[in-house]
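Peer 1: Chains as they are written, first to last, in our numbering: chain U, -17 to 501; chain H, -17 to 501.
A hint or two may mislead.
What the hints assert, rightly or not - A few chain H residues that don't get close to chain U, going by computed Cβ distances all over 10 Å:
{"id": "1", "residue": "-6"}
{"id": "2", "residue": "36"}
{"id": "3", "residue": "76"}
{"id": "4", "residue": "159"}
{"id": "5", "residue": "217"}
{"id": "6", "residue": "246"}
{"id": "7", "residue": "260"}
{"id": "8", "residue": "268"}
{"id": "9", "residue": "273"}
{"id": "10", "residue": "274"}
{"id": "11", "residue": "301"}
{"id": "12", "residue": "349"}
{"id": "13", "residue": "357"}
{"id": "14", "residue": "382"}
{"id": "15", "residue": "470"}
{"id": "16", "residue": "473"}
Said to hold, decoys possible - If the Cβ cut is set under 8 Å, some of the chain H residues that face chain U in the computed set are:
{"id": "17", "residue": "138"}
{"id": "18", "residue": "179"}
{"id": "19", "residue": "202"}
{"id": "20", "residue": "347"}
{"id": "21", "residue": "348"}
Please keep in mind that the hints were generated in silico from the structure rather than gathered at the bench. Only a predicted model underlies this, so the values are computations on that prediction, with no experimental measurement involved. Where a beta carbon is used, it is the ideal one built from N, C-alpha and C, also for glycine.
Protein chains: 2
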Amino acid sequence: MYPRFEPLTPTSIIARSAVVFADRIAVVDGARRFTYAEFGDRVGRLAGALCEIGVNPGDRVAVLTPNTHIALEATLGVPQSGAVLVMLNTRLSAQEIAGILAHAEPAVLIVQTELVDLAGRACALLADPPRVITAKEYESLLAVASPYAHEVRDEGSPIALNYTSGTTGNPKGAIYHHRGAFLQALSMAYHAGLGPNSVYLWTLPMFHCNGWCFPWAVTAAGATHVCLPKVDAAEIWSLVHSEGVTHCCAAPTVLNSITGHPTATPAQGGLRIATGGAPPSPALIERATALNIDILHLYGLTETFGPSLICQPQPLWEGLPAAQTARHKARQGVPTLVSGRVRVIDANGMDVPPDGQAIGEIAIRGNTVMSGYYRDATQTSQAIPEGWLVTGDLAVQHPDRYVEIRDRSKDVIISGGENIASVEVEQALAAHPAVSEAAVVACPHPRWGEVPVAYVHLREDTSVSEKDLIEHVRGLLAHFKAPKKIIFGELPHTATGKVQKFKLRAGTSSTLFESEDGS
Amino acid sequence: MYPRFEPLTPTSIIARSAVVFADRIAVVDGARRFTYAEFGDRVGRLAGALCEIGVNPGDRVAVLTPNTHIALEATLGVPQSGAVLVMLNTRLSAQEIAGILAHAEPAVLIVQTELVDLAGRACALLADPPRVITAKEYESLLAVASPYAHEVRDEGSPIALNYTSGTTGNPKGAIYHHRGAFLQALSMAYHAGLGPNSVYLWTLPMFHCNGWCFPWAVTAAGATHVCLPKVDAAEIWSLVHSEGVTHCCAAPTVLNSITGHPTATPAQGGLRIATGGAPPSPALIERATALNIDILHLYGLTETFGPSLICQPQPLWEGLPAAQTARHKARQGVPTLVSGRVRVIDANGMDVPPDGQAIGEIAIRGNTVMSGYYRDATQTSQAIPEGWLVTGDLAVQHPDRYVEIRDRSKDVIISGGENIASVEVEQALAAHPAVSEAAVVACPHPRWGEVPVAYVHLREDTSVSEKDLIEHVRGLLAHFKAPKKIIFGELPHTATGKVQKFKLRAGTSSTLFESEDGS
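The following block holds chain U by itself, in its conformation from the complex (with noise of 0.2 Å):
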């Protein structure tokens, strides 16, 4: 880097806004409000506290919270401290838990009260655990501590670790640099349109890719955080009234479940609401539209920092018919401002013909891909052969060259917003002494999106039952991943004994839970 350049880094972004905004209030938390001036002395004093209890430079610090400013302060001020910032899913089993800790190392884990048993769990699977700093105690040190920033000179260099997977062997920490992270908060600013009269409500879990990197595009923007511990779509209806929410971040199950309450009325100054990971349906962006809600529609992977393709809204689409604009805005469109080069190949690595047909598969360069996964060189050069990251979500392009997806990734299933890797179901279900051979597919779901469901082979001269067999896998993963059917029989396999997975999905009906009323 040249000499004079100054790294790009979203610590620059916090040191800013607690200037800027001082009076600003930054963030809700329940009865607690902080000004900018206020957070900005807390993140300090979190980075003062970490370093003086040891932490070092390049260390991971780990974090167990749901989203409270706890977890803002961590996203800000880990990373000021000079470590490297490890969100934990609090929806993960203590099993999960200790292997993403065994696998990162982190010298601490900050933890919310109420997940201290949890944490407890998981700590006593490891030979080494760190050290646990429980809510109660992150205060103490806080209000001992000195300010301290870490002075960021390689821009490159890490900022988070998010974990794609749990278990114990199959661990993928994504690597975040702070390049990434600071373009990332700068896009996402921009394309939300995020300023210092909006408000930000913390629907999105921030253990989500730093929660789409928000939590730096918000303070970027000197905007109010308006943290919600638990999604509830009462509690979220309250906030929007009360706190003025102008911007929030939601997975479609949660959209639904936002605009479908009986509580809904319509948002005073207008709600924007970001979504991934499903498109947006007719009849939810017309109940939006009643509530004067926008719907922005983003993809991403935890590989990219979070959303890198926006159906960018057109000019020419504004006073369409809800179905037309719901037919435009269900693409996953084109690359943000800053994510760099968006392409759908085919299996020869050319380009499929923009023509709404010709299928490929999405594959990403740009600085807002993550580094590698951590200490996983196989896994790494895997999701990035040849400089380009392959997401394996296929897609088609359309004239107007937004991207749409048509099959996504084989073997992952979005269920209320959060993704299951079906492999990562299967290893658990073969873990039964009865199973033979387990295959887990997305079965459409009304409230949930998609749920898991498993075909199950069992072995000769053995028995179990689909409550028990569910049981065993709840055992061993987070509840959410658990198969909500199981179907038990012979699997249907190629020629080269690769289960055909297609088959099963063809077989597995939406209406296997179209009687569930979704509450």
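Starting from the known structure of chain U, fit chain H onto it as the hints suggest.
Peer 2: Only chain H this time, still in chain U's reference frame:
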């Protein structure tokens, strides 16, 4: 740079917008209109044409045109060819232009029809003039060229030279790099609030700091560029209403003439005008508000890619009386999201206290500081002695950390939005055989903001009239640089023999020009 990082460069911006906003109107220039697809095609053809006639990566390409579609195409197309853009100030004299051309040694000079004569006179002064391409030849070249895009590999490589002074003895060409131009484009798009529904009017010359990087910012947003070859308030109001202009940048003198024009009627959809060079007065803000115009106050230098500070509007300021708003908005403000670190330092290089009283010099360090002056290591190290650009502007820092200039760089006069280096005018005066010593200072002027006034001491037994001496200067420099008044007599000196300009300034009353009607 890490192998998988993509270089930050504005060339990625037009590549994206030509696809994403293909059918949107990109450029309006009189009766001509180009969509983004057409604009991208023309930019690509320009890049191709330049290569075809032998321009190599790193070669300079100079451009002499007012704000036409050619200026826009060149600002995007020259970098896309791999060459370095040199936009020439159309208000300079033939000698000044020749001085810049002799220093920059461009391979090609693109000239708008009405400036062919000026270009010819400049080239006649050169031993090895560049190949001149007239507007007509430009169209013929584009018609047959194949679109081309050079791959930028080093984001620190030069994208443009911006000359701050044109005399043959002292040409200073600030080198802009791709990284800074990209970041500044994003920053301007964000801070100005540009989107695909925006319509940007080109009141600011594109030869000033590459139009503050707005050619790239407006293109990134997918907004419409409306060209304006000549600043004329009636024409501006006509375009505001007919094209639905939402944004422009303008020097205070232009802003005054826009808001004070008899045809001014409120801008239907609201108009945001970014200004710089002098604080907007309370009266101006009041007039602007009545016309539905929102004024954004920015501060920067040629050496900082244009705006580096923004008077960030605060929600708390909303609804304040005009006088109070004006006091807030008169300040140059705080760093933008990308401009890095800005300090106000005393003679020992220490930060002055933020008390609104202590005066220091503004110093800037970051990604939107130039690489240096082209082919001038001495002036570069004077401007950036220790990694910090020293601006020469004296300022205070208020308790809220907003910076406010108290005394502008001693040797710069800002007249009608143009910077005039007093030393340059002094040298022109001293070139007259009758002049023994000359000092030039700024004098407030009702129309131009400031104008140069000269204090001249003649040699013994010589004489020259005020009128003849002004004519002499106009023969050497751009007409706007000539002193508006000359006061003859001995000059006050310090003990070491320096002219005491502060005494001259104190004696230079604004009443000199009060009677001028500003027409």
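Peer 1: It remains to establish, for every hint, whether it holds in the given structure.
Peer 2: Do the hints match the structure? See the list:
no. : hint : result
1   : -6   : violated (8 Å)
2   : 36   : holds (29 Å)
3   : 76   : holds (36 Å)
4   : 159  : violated (8 Å)
5   : 217  : holds (25 Å)
6   : 246  : holds (27 Å)
7   : 260  : holds (23 Å)
8   : 268  : holds (23 Å)
9   : 273  : holds (22 Å)
10  : 274  : holds (18 Å)
11  : 301  : holds (13 Å)
12  : 349  : violated (6 Å)
13  : 357  : holds (18 Å)
14  : 382  : violated (7 Å)
15  : 470  : holds (46 Å)
16  : 473  : holds (39 Å)
17  : 138  : holds (4 Å)
18  : 179  : holds (5 Å)
19  : 202  : holds (6 Å)
20  : 347  : holds (7 Å)
21  : 348  : holds (5 Å)
The earlier numbered hints that this structure contradicts are 1, 4, 12, 14.
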